[in-house]
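S.K.: Below, each chain spelled out in residue letters.
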Amino acid sequence: MSDTRDETPDYGDWEPVIGLEVHAQLLTESKLFCGCSASFGAAPNAHTCPVCMGFPGVLPVLNERALEFAIRTGIATGCTIPTRARWARKNYFYPDLPKGYQISMFDEPLAIGGGIDVETPAGTKRVRLTRIHMEEDAGKNIHDTDDAHSLVDLNRAGVPLMEIVSEPDIASAAEAADYLRTLRSLLQYLEVCDGNLEQGSFRCDANVSVRKKGDPKLGTRTEIKNINSFRNVERAIDSEIRRQIDLIESGGTVRQETRGWDADRGRTLAMRSKEDAHDYRYFPEPDLLPLEVPRERIEAIRGELPELPAARRDRFVEQYGIPDYDAGVLTARRDLADYYEAAVRTHPNPKALSNWVMGDVLRTVRERGLDEALVIRDWPVSAESLGRLVARIDDGTISGKIAKTVLEEMLASGAEPDDVIERKGLRQVTDAGAITGAVEEVLAANPDKVAEYRGGKDKLLGFFVGQIMKATGGKANPQAVNQILRARLGEPGTSSGG
Amino acid sequence: MPVSLEDVDHIARLARLGLTDEERTALRGELESILGYVEQLAKLDTGGVEPTASMRDDSTPTRPDRTSNDDDAEKLVERAPDRQGTYLRVPKIIEASE
Amino acid sequence: MSSSAPSTIDAASRALAAGELSATDLASAMLDRIAAVEPTVHALLTVTADRALADAREADRRRGAGESGPLLGIPIVLKDLFATDGIRTTCGSRILEHYVPPYDADAVTRLARAGAVLVGKANMDEFAMGSSNENSAFGPSRNPWDPGRVPGGSSGGSAAAVAAGECLGALGTDTGGSIRLPASYCGVTGLKPTYGRVSRYGVTAYASSLDQVGPFAHTVRDVSVLLGAIAGHDPRDSTSAPQPVPDYVAALTGDVRGLRFGIPAEYFADGIATAVEKSVREAIETLRGLGATVVDVSLPHTSYGIAAYYLIATAEASSNLARYDGVKYGHRAKRGADELLEMYRHTRDEGFGAEVKRRILLGTYALSAGYYDAYYRKAQKVRTLVRNDFRRAFETCDLILTPTSPGTAFRIGEKVADPLAMYLSDVFTVPTNLAGLPGLSVPCGFDEAGLPIGLQLLAPPFEEADLLRAGDAYQRATDFHERRPAEIGAASGGRSEASEQQSA
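Residue numbers (our numbering), protein chains in the order written: chain A, 1 to 498; chain B, 1001 to 1098; chain C, 2001 to 2504.
Keep in mind the hints are simulated off the structure, nothing from the lab. Incorrect hints may appear among the rest.
Said to hold, decoys possible - Okay, the calculated bits of chain B under chain C, using three or more residues with CB under 8 Å as the criterion:
id, region
1, 1034-1047
2, 1051-1063
3, 1074-1087
To be verified - Taking lysine-lysine and the DSSO-like style, the derived pairs with C-alpha atoms no more than 27 Å apart in a straight line are:
id, chain 1, residue 1, chain 2, residue 2
4, B, Lys1092, C, Lys2415
5, B, Lys1075, A, Lys140
6, A, Lys140, C, Lys2415
7, B, Lys1092, A, Lys225
8, A, Lys225, A, Lys212
9, A, Lys90, B, Lys1092
10, A, Lys401, A, Lys470
11, A, Lys90, A, Lys125
12, B, Lys1092, A, Lys140
From the three backbone atoms N, C-alpha and C, an ideal C-beta is built for every residue, glycine too.
For reference, chain A alone in the conformation it holds in the complex (with noise of 0.2 Å):
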């Protein structure tokens, strides 16, 4: 499992510093500067026109939406928006670059300061953000074709994304995670980005550096790219900070460089670098204005953010009486907390409905890979239909056992809880004549145990309701066996109940 967060990672008197800059696509239908569809999976370059293919003469005119998702999310995050914020142009050569500049913002980003607060097992993290920017995306290149020849795909080019930067306020890789996951998930709840990192929605770049314990001064860092899930976060920053504490102590002095994770061979490997990466030759934007955001548009936007993750899960504790630790699991996600929710409305049993969810649904989700996916799709359970399925308990049709089988079939099938429960026989049996008849039944065929139960030794019940149970296919009440059960036998060591 991905999760190292009990193994407190020991790196001596070494302290790593981290800092993350994270690229969220924004939700948006088109691309940040004109007006191409900003999906993945068409045909190379069928998202494309003159404008995101860099012809001469044509212009960028900015998304509104992109916009709008940008300042909510500074908003969200505690962030100050500037009265102005300015386009800039970074220059440089690349084929998946088509104007040989990405339009992005430099001095003046749209949002600056805020911070996130991350729970880690330690307690409440909070991890301050140094700016959150827009910028749009460049194309792909794709190198292995042929020896001769690389290939330009620019339907990327020009969607919009935001650049999430955050202080070096993080201190482990476990904790680079947790980061990552809150982030994901609080821009999951401001529904401005779908989190997908393996689709590459959401991208982390990782600033890594140590310096020993109680020094002031900050180490030389390196910068870590490629790093396309949550478990490889962990793992390269992990080694990364390993090899740079190896290095200073071998002598060794950490350079300030672009490092690759190869996820294969478990540890970064330095990218060769142009020798002019560096030389971005940063200036404003002259195709676009300056961005002037009214102080109403931006109280407007405040107004109408929805309930993030912190006030729901004091929420779930408050409404639906469950344990702040359930409130937690549930709410990390959007999806999971609506899907709780959801079924919490179709019937009301939160703390049944939360133990359900966090068992054997999330379980199901892990088993089946969807855990990096922001909705719980291709899960063939609605959250009505695990609400009647509850239900079901609840009236005594089927038992928390058989609710499990029940369960399964629907997920195998689709079907709703009370077909399966008709179809496969699974009802309940609650008449008191048939439970009689195999408790009769039992303790004919086990009169010696009778006899030490009644001797005294009053662990048996257990078995005698096994036994009946398994009589009964699981079907049987299991109250109603164990009523049954002990009017008969009486009180052990006692020769007859009374």
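Fit chains B and C to the known structure of chain A by using the hints.
M.R.: Positioned in the frame of chain A, the structure of chains B and C alone reads:
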């Protein structure tokens, strides 16, 4: 402001401009003379002066988030000097240090 | 036919409306004239004969269907950096020699809607970088007044085409004087509107914060008609201005009484040709005679304009021209086919001319690490000072009056060896672009060699109507704009030759 041939080479590399030896030499002198001329700006006191980056003072306009592309990759890609299917094709990218 | 063809948009428009002339006749006459003078003038990089005849037939059909309009059927040319759907658009560069855009520039769309007839794409300094037209990759245009001289740049082809009678109006762009200087050198009227007045959509960028589209014609009246057609807000250009477009022709009242003209001493300093100063001073008297007031104003940062301009313009250009990399369209070098970086270098080496390379390098330098504050940012601050100069001056005057250029058209080759001397031709035009203001150049005399001299009028932002009213009033009182160069074809013998070719 003296300009060296190394300066010329450096900025030519940044700008991805191939230059012949003659061009290098000529451009070195020309750049030096032009930069010498613009040096006059240094004498001007611009303390407290805001830079003008944009001629217009309003906020940049926005457009509604609607898609308008026709999904016709062919129309643009047909202008490319080299292509493979609807991919643009370029000589192998080798990220060797220069 | 060509001898009787009207030489102004206004006259042609009236003849077309009266049915004395068809658009098709007019287009044919222009194509004849083009064939006759092009061997000498070389104002055009592409003659769009088929398109012109098709446009003209369509104009005739529209007129037949009851439409009217001052540009319906009027032959025009476009500087070859206006994107024209299906017609090659070279920007005067080898790198785009065979590039055919899949869209029209906004100004092109508007002219087509008004019924203008496209007869050709005009020669220009490569990517609009130049003051003489000598930086065209396809050879310079020549000045119709003296084919041994430059027409000015960068929109030299557009100005020369109007002066030589190859069209009745033309569009150019002005980044540091590229409309006004050639208008002045070629003895025609040229207007650089306020930044944002005309959409830049589809106009290949040289320096985005300075570039502005504008018209050429013989008269201020014609220029007013063209401006009315191309001005207006365009949602595809974020820097396009939302201000409503007034009726510019209606503003031409001929009345300048009470209008205050500011005369900046800085524009009459050393280096200005005697004939230029004399003509401009006479123009001041002419306007005073029409009832205008003349006041002294000061634009103290004028002399810093060229330095600031060259830093800002080249910095933006170095970025704007990065897209010409041999990947998506345009020229790609055959050399360097085995490695991307080499492909880039060879492509841009082969594709760009000397001046473009020079400016890309200067701009790259101005933006590069360690120099940004000293150069680019400093230039932007100077830009603020230049803007403030004009703001202050316009507190005491309505328009500013200056020479368009310190001199008249120079000989081809005369300044090629000294880029800096060439840059200084723009000393009187550049500050206007830095401040985003509208500027008009009208013919105001001739020097000893018979070369035209230009008078420049400047106005506050979006006050084109005042500018045009003053220019029109001046033209009502003078006839410099009615003079035409001596017969061009005769000088080179090109006319009869070309005519034969045309009829063959």
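S.K.: Can you name, in rising order, the numbers of the hints this structure does not satisfy?
M.R.: Structure breaks hints 4, 6 and 11.
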